[in-house]
Structures are given as C-alpha cells and as structure tokens.
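Here is what each chain is made of, one letter per residue.
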Amino acid sequence: MARVALFDPCYLGALRPTDAFHAKRVLEALGDEVTLIDGRCCGQPAYNSGFRGEAKRVSLSLLREARHHDVVVTASGSCTSMVTHFVPGLFEGTKREGAARIAGRFREFTAYVAGHPNLDRLALMLEGTVVYHDSCHMRNELGGTDTVLGLLAKVELLEVRRLAHEAECCGFGGAFTVKLPEVAAVMMTAKLDDIAASGAKVVVSADFSCLAHLESGARGTGQRMETWTVAELLARALG
Amino acid sequence: MTTYHERAAREIATEHPSRTVTPIMRKLVDDSRAMLRRSPADAKTRAAAARADAIGRLEELHAQVRANFERRGIGYHRAETPGDAVRIIRGLLGDAKRVAKSKSMVGEEVGLTHALRDAGIDLLETDIGEYIVDIEGRGPSHITAPAVHLNRTRIRELLARGGADIPDDDPVRLSRYVRDVVGAFFEDCDAGITGANAVVARSGRLMVIENEGNVSLGASHPKLHIVITGLEKVVADEAGALAILEVLAPSATAQPLTSFSHFLADPAPGQQRHVVFVDNGRSAIAAGKYHDVLRCIRCGACMNACPVYRAAGGLSYGAPYMGPIGAVIAPLLWKDGRYADLPLASSLCGRCTEVCPVGIPLHRMLLDLRADAVAAGQTGSRVERLAWQAWSLTFEGAMRARAASALGRIGLNGGGRFVRAQGTANDPRVLPRAGAPERDAANLVAEPPRQPAAVIAPEEIEPADLAELFRMRAAALGVTLLDAYEAREGDRVVHATAAIAATGSVLLLGEAAARRPLLGAQRVVVHLDPATIVRYPSGLAEYLGDVDALILTGASRTADIEKQIVRGIHGSEELAVVLPRVAP
Chain A
1 MARVALFDPC YLGALRPTDA FHAKRVLEAL GDEVTLIDGR CCGQPAYNSG FRGEAKRVSL
61 SLLREARHHD VVVTASGSCT SMVTHFVPGL FEGTKREGAA RIAGRFREFT AYVAGHPNLD
121 RLALMLEGTV VYHDSCHMRN ELGGTDTVLG LLAKVELLEV RRLAHEAECC GFGGAFTVKL
181 PEVAAVMMTA KLDDIAASGA KVVVSADFSC LAHLESGARG TGQRMETWTV AELLARALG
Chain B
1 MTTYHERAAR EIATEHPSRT VTPIMRKLVD DSRAMLRRSP ADAKTRAAAA RADAIGRLEE
61 LHAQVRANFE RRGIGYHRAE TPGDAVRIIR GLLGDAKRVA KSKSMVGEEV GLTHALRDAG
121 IDLLETDIGE YIVDIEGRGP SHITAPAVHL NRTRIRELLA RGGADIPDDD PVRLSRYVRD
181 VVGAFFEDCD AGITGANAVV ARSGRLMVIE NEGNVSLGAS HPKLHIVITG LEKVVADEAG
241 ALAILEVLAP SATAQPLTSF SHFLADPAPG QQRHVVFVDN GRSAIAAGKY HDVLRCIRCG
301 ACMNACPVYR AAGGLSYGAP YMGPIGAVIA PLLWKDGRYA DLPLASSLCG RCTEVCPVGI
361 PLHRMLLDLR ADAVAAGQTG SRVERLAWQA WSLTFEGAMR ARAASALGRI GLNGGGRFVR
421 AQGTANDPRV LPRAGAPERD AANLVAEPPR QPAAVIAPEE IEPADLAELF RMRAAALGVT
481 LLDAYEAREG DRVVHATAAI AATGSVLLLG EAAARRPLLG AQRVVVHLDP ATIVRYPSGL
541 AEYLGDVDAL ILTGASRTAD IEKQIVRGIH GSEELAVVLP RVAP
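First to last, the protein sequences are chains A and B. For the first sequence, the numbering used here gives the first residue as 1, with consecutive numbering after it. For the second sequence, the numbering used here gives the first residue as 1, with consecutive numbering after it.
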C-alpha cells in the first residue's frame, strides 16, 4: 500500500469536481492511501500566454504543497507535462534543482495506474463502446498514448474505437481558444465530425481540458455525446 | 498593421482555407511519413547533425565557400539587410531588362520581386505556383506549394485575368499554359535568378532542388545566373548535403527526391554566376538561444502538419514565412514587433516538432517567444497583464483558488452543469448505445499506427538486389526501363556516373549534366551500369567528384495545382534508362 497525493488540477476542480472523486476511487481500489491536493494550479495558463512571472508564482505554491509527498498523481496529461517539462525552467540555480526534484514526483494518472503493481487485482468490466481522444500533451509531450490504450484494453467487454485523425489537435490549447476562437472552432468542428463518424457516443480522454472544449462545441451543434476522463471510465468499470 | 487574429478570422470567414488545404495536407503528411520510412533509419539524425554543425561554425564554413568560389570564378556577396540584398542584385543585373526568377523564400523575405519591378525590370516568376500567386497579388501561402490555397477554378479565373483563354480547369492544361508562357520568356531574357537549398563549403558547389525545370533554365542562362540564399544555408561537405536531400523532398512533398537535384559548380564559358548571402539578423540568431531554428531546410513539413495553418491558411500569417517555422522565424528576423503575435498562432500541440526532419523544437520556441514578446511589451495588453497578476495572486493560495473555482464553475456551466445525453440511465455502468462507425467515409481512412506495422504490404518488400530495387522505384516514377537502346530521333543520350536504387534516380556529371540539351530533347536516354547503383542518396558521396552534377529523378513535373502531378513541364515527359539485365 502506497501513500500518494492526488493533484486535482484547478480547471478540473472548477469544471468537473466529481473527477477527483473518480480518480481517488480508482487509486483506493488499487490499495493506495490518497491525500488530495486541490485549489492549486501548475501555472500553465499564464505560462502559455507568455506571463512567466505569474506562472512561477502559482507553480511555486503547487510545489510547496507537493514537497510533502513522494508521489503526486495528476489527473491531467496537460498539467503533468507542464510540471515535469516546464516548471523547473522557471527557477534558477539550486532552486531549479529543487523544483526539478519535486516535479519529478508527479505522475500522470493513467501512467501511474498502468504501472501499479496491484493493477491486475482490479476486476475492470464495462459493457459498451467508447471512442478514444488522444490529447496532444499525452501524445507528444508524455508519449503516453500506448499506455492509455493498454489500460483501456484491460476493461472487459469495452469496445474502444479510434478516431480517424487521432494525431490532430482538437483546438483547445488553453489561452489559444480564448485568443483565436475562430481558428479553434475550425479545429474543433473537424474533431467533432470525426467523433460523430466513429459512431461512439462516449468520448474518453486522459485530458479533461480537450473534453470540456469538445463538449461545449457539441452542445452548440446539438451533437449527442458524453465526455469521460479515463479516471471516470475506470471508476465506472470498478462496479 | 492588422493582428494575426484579425487576419485569421477574416480568412476563415471569407476564404474557408481549411476546405481546400486540410484534405491535401492530411494526405501529404501520411504520404511523407511513408516516404520517410523508406529512407535510412538515421536519415533525420544525419540531416540534423549536418545542419547543427553548420550553424555552429558559420563563419569558418563561409571562409571555405569564399575560397572555393574564387577558384571556380563564382562571385561571393554578403547582404546585411534586405535593402543591401536588393542593391547588390540590381548592381549585378547591370543593364539586364528581362529577368527570369525561380522560387526563393529569401527572395520573398527581402521583397526582391517588387523591388526589381519598381526599378523598371521586367521580372517573371517562373515557378508555376509563384506565377499564379503573382497574378493574385497576395503572395505565396506555403513555402513549397505557393498556390495551395487556390483550387483549380480560382486558378483558371486568375490566369484568365492575366490574359489566358483556357477552355476548362484541368490542372494539366492550366500547368502547361503557364509552362508555355514561362518557356517563351526564357527564350529571350537577360538573366536568371534562383535560390539555393545548400552551399557546400568543401567544394563550393550549390545544391538546388526543383521539379519543373525552371531552375535548370535559370541556372544555365548563357550570360548571368544570380543566386540569392540565406547566410545559414552553408553545409560542410557533400555528405551533409546528401543527408539533407534524403529528408528534404520526402518531408516537403512526399517525393523520394525532386526531379532535379543540382550541384552547380563552375559557371559555363561566357556565363557569370554570383551568390548573394542574406544575413538580415541571422548572425545574431546564430549567437542567441534560438540558434537551432537556423537548421531549417525550408521543407514546410511543420506547416503541412499544423492544425492552425490548415484552419486559417498561410496568408493569415501576413509574413513571408508562414506556419510554425514562420511563427518562430518572422519575429526573430523582424525585431520591431510587427510579427510578435505570430507565436500565439499555435495550440502548442507539438505536431510541428514531431515532423521536423532536422529536430527543431518548434513548439517550445513558440512558448519562449511568447514570453519574450510579453517581456518586450510587444504583446499582452495592460488589461491582460493585470488579469494575469490578479489570477496569480488568486491561485497562489488554496482558499482563494477554491473560491474562484467555485465561481468559475457557476459562471462556466450555469444550470446545466453536467450535460448528459438523453437516454443514459443513472446506472454508471450503462453506456449509451453506439452507432456503426462510418468506415467508408472519405475522411475516415484511419491513420497508420505510430509504430511501423510488423507486416509490410507486399509492394513494400524491397528487393535485395539494387538493380531490381532501382527498376521498381524508377518505374513508379514513370521512367521507361530499357534492356537495350534503340535510337530515336530527338534523343539526348548520356551515361550515368551512378544511380540511387531507393529513389530510382540517376547521377549525371559534367557534360552529361548540361541542362539545356536535356530539357530540349524529345526523350532523355540514360545508360546505366548496374555496378554503380547505390542504395540511398548518401551513397553518392564518392561519385559526386568536384564538377557540375545533376541527380535526375523521373521526368520534370509539377504539383502546384491541387497537388495533382503533371509530368513534362520544362523538358521531356519521357526519361528512359538503359539498364542491361545481368544473367545470374
């Protein structure tokens, strides 16, 4: 039994507060003891907008919270990538080393679960069909696509479909969506078309940010679609 | 000056670039990936190393280039600014009045075409795509496919505006119309201007690649050939140049190699050849933290793969360079802030970095450039700055952040917080029923898996024998393979020094490489000794010698109109290789 912290990223806490509960359930089913870190942000929104001072201030607050834990499971590929790849670079000298040390304890949720020694003890079963949306951070920054798909394959009776242009961005990109909404909408429409063509009515991804973006688009066009994080799917599959 | 946002919103609303560009680019990216899989496994690594090496010792290599140019009688010129480049070229042109120009991105960068026309020179853009966008007057929308934003109907309208009477919009007819106009211009002009893809320091040769044959004509202009290129385009040796060749055409256009890969050496008797290297801030970039961007070989793979480029098109960038590479290099070349918002034209998905054949971390650079622009006060309004400050103070403390999250939740989701599709039961284990996937829909061809499949398609099994592989690849390019030569009127018969099996190419040296006789022939017939066939372009290093060289890969062609291939632009449609079958 491991003691882990579960980092519930700011946007997830705001947009889908139930998700941390799903992730916690899965981790506990694996036998872990879970402490929640919430009300924190990795700093990515400001970082991606070019405001590094502000990003540093916010990420420092997260690192301070995280330093008490050996493992920080993060239910977002995007936030994990920010913390592990970019946050240490915001600091100088020995502070950078310290930041890198703490950042190195962050584990993306699906990677953590897939590598968990007790994974095979879970009886994962869920009958139905979903389509997998590969987020850019999972694919290009963390290289975790195969890991997620491997994890989904462990769920009995579940059919996982793949999108036609899986490697294409859905058009979220944080501040990008706000600053260039017309461009983001073209990208989103293409992704929604692929989702519709897949026939599946549930979209699953390791990044809720993409899903929130797609869901808002689907609401606008009246497309019938549910969006689940991998954590939610696994929690449902626990029974 | 408008912002990227304004330009992109207008393009999307009025031109719908995605409709034309996305299907083309989806196919191109898939085909490029497949073509690169045919290259040696270390091709990208060698190309990246050759470029990184050159950037690390630019001045040393330029000293070598200068010495070799002197030996060959090629003029060496350096332009600090775009204005200098234009002045130097005007001076070199002397009293030349009619000038044939082929594609050059550095030419776009310095505004060469407009500047020379303003000076009273009758300049013709001789690349088919450039000719078309020149009539349109909005500039190229892609660095290797300038007219990719235009469909055939639009192109026919534009050519009609230029005086053409073409009965329909068949790309073959449209392409050949431009070919004839360009061909006639070449009959009577005073100079040719081309770009260069690499300048080899060790030998002082210029590597230039093209498909149509217009560079062949410009470079072999009997009196004057001027080359304009970037200061960073030097490469140490032939091995480095060949390493670039191995990834350039596959990444750019999913071809094994372009029709013509020139290694231009001494000017012909009576001909003057000059090379103008444009600095325009490159020396400063080489000395700074973005030096890796100078590795760029201008293949355009980053824009082909970029979802933002596809959605808003290349003209939205409003800069000579577009796509991810444009968003990185434009703000570095023009320091006045006019392109400071281009790095925001990215969702940071990372596809650009993934496909770049020379390992430029493009999306990371976009992130850094965003921070630079904010620090320099070039982007980020006062309101935005205050908003981020307020945000950071809020999220610094968990209590305030939780309160903000709760407010955000109410604001963002209102009453319908969890929009659940109808028909879903409350039981979390019951999923909505799925429909059948549309497997046959045109846009639903599944992407190939990221890892190469274990089972190769039968046509992809490479014959072990190099001559057999050469036959297979050359035939795929439309090359006629002959066991023995039977003379025909109008043949240009030459002997190949070597050949490349994987690309179906032949290497011609010295007199055999003379461009105008090759282009003027009814049919080009190349005799090939099977013992001289190498597997990959890199194998040619020992055959290249020190003289004028030309690698021919299929007949001249263009794909400037909707990426549809039209063969036989300048030069014969028929390329035949005589390759005797050796009894086993």
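Hints should not be assumed to be uniformly reliable.
[What the hints assert, rightly or not] Think about it this way: if two alpha-carbon atoms lie no more than 30 Å apart in a straight line, the pair counts; the simulated DSBU-like pairs of lysine-lysine are: (1) B:LYS335 x A:LYS179; (2) B:LYS335 x A:LYS56; (3) A:LYS179 x B:LYS44.
[Claimed, not checked] Some chain B residues judged to face chain A by a derived CB distance under 8 Å, without partners named: (4) LEU36; (5) ALA345; (6) GLY350; (7) ARG402.
In short, the hints are calculated from the structure, not lab data. Since this is a predicted model, take the numbers as computed values, not measurements. Just so it is clear, CB atoms sit at the ideal spot from N, CA and C, and this is done for glycine as well.
* Against the structure shown, which of the earlier numbered hints fail to hold, in ascending order? -> 3, 4
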